[in-house]
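Chemist: Chains A and B are the protein sequences, given in the same order.
17 is the number of the first residue of the first sequence in the working numbering; add one for each residue after it.
17 is the number of the first residue of the second sequence in the working numbering; add one for each residue after it.
Keep in mind the hints are simulated off the structure, nothing from the lab.
Cβ coordinates follow ideal geometry from the N, Cα and C atoms, glycine included.
Check before you lean on any hint, since a few could be wrong.
Said to hold, decoys possible - Label-pair restraints from in silico Cβ distances:
(1) Asp82/B <-> Glu97/A: 20 to 26 Å
(2) Pro149/A <-> Asn108/B: 42 to 48 Å
(3) Gln63/A <-> Gly48/B: 40 to 46 Å
Number of protein chains: 2
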Amino acid sequence: MTITITAFERSPDGGAGLARDTRVRWALEEVGQSYEVRLVSFEAMKQPAHLALHPFGQIPTYEEDDLALFETGSIVFHIAERHEGLLPDDANARARAVTWMFAALNTVEPTILELATARLLESDKPWHQERLPLVQDRVRTRLSQLSARLGNADWLDGAFSAGDLMMASVLLRLASSGILNEFPNLAAYVARGEARPAYKRAFAAQLAINAGKTPAG
Amino acid sequence: MTITITAFERSPDGGAGLARDTRVRWALEEVGQSYEVRLVSFEAMKQPAHLALHPFGQIPTYEEDDLALFETGSIVFHIAERHEGLLPDDANARARAVTWMFAALNTVEPTILELATARLLESDKPWHQERLPLVQDRVRTRLSQLSARLGNADWLDGAFSAGDLMMASVLLRLASSGILNEFPNLAAYVARGEARPAYKRAFAAQLAINAGKTPAG
């Protein structure tokens, strides 16, 4: 079985690990599955060949024999379902781990995406400075709820799972904002994720592609 | 097996079907599974008893014997995994259907949530009128890509699946905006979803709770 994922030829973050291929790399490293990477330029991402793999013209995609997937949540779930190490064996615990994957992607990440959008696409607008605190407070509301649930635990529900991989990946997007550090248990949670050998290998692999290249965009 | 879900005691949309319990009801109706509903007030949603079920203080939740789940994507997936009717048998087709669930929730819905947020929380701000077209255009970008992929097909990947249930539910949030009608094949896609007997039963069930009540908020 050969697994091929796609990644940015030149990541917009210059290798800071925030491009979504890092999430897939991390999952593959956790389960000890080797993979190949095909780099895609911004021009190629909008061409029919890539759109056939990813209708929204993004990375990563995932190809394995005659299966082609897009959408990070789906790819990580597929990896977690087929290999040991990212989902518990007990059916109920497994369903709860999947719940945290969806919570990361549909409840926590949208507020973080909105903050990123404000910074990337609206920083030149006359309303930006006045609006930014509203957007930041929406992020804080979610982090406050997540922080209360996590408490003093290492991970969200028992052992590390694909749910933690996804939640930590989503929270990593906040690293440069300072907001994460307002919630020490969440900052420590993310640091625990980053300290995992599998994360370190994933991070190093994406950095190796982007090192020495000027960030795009 | 008794299934109990939670729903708003008084839905903010007055029964228009946009509260997320409708998605879970629809899934349960598609697979022919009966369920009970516990209504929750806005006050109760923020109390410890409900937060133990749903750390973000929202509805719906899902209880089945000793399993408790939150997050609509996870609940619908759990139902789809354990009953016939919402996921194909073929493993690859199944992975692709799950991909569309994640795409609905993490790629399409965030732009729609941002539009809803602008309308609900920022309509009194001085920037609202000038900013709204930017937010609408982000929705259009996603719909345009989705429309191109759907083409003339009835559903996103072969037969109706949990992926279509989730995508149609997400797009339904745009009904009042007029944007959906700019993409006739997507409007028809959503209408096909609404025409399904299971959707009609789900819609009627949530309307019965909210009929005659003044919309909250």
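Chemist: Confirm or reject each hint.
Modeler: Going through the hints against the structure:
1. Here the CB-CB span from Asp82/B to Glu97/A is close to 23 Å, well matched to the stated 20 to 26 Å.
2. Our hint of 42 to 48 Å for Pro149/A and Asn108/B holds, since their Cβ atoms are close to 46 Å apart.
3. Judged by the Cβ atoms, the range 40 to 46 Å given for Gln63/A and Gly48/B holds: they are separated by roughly 44 Å.
Checked against the numbered hints above, the structure violates none of them.
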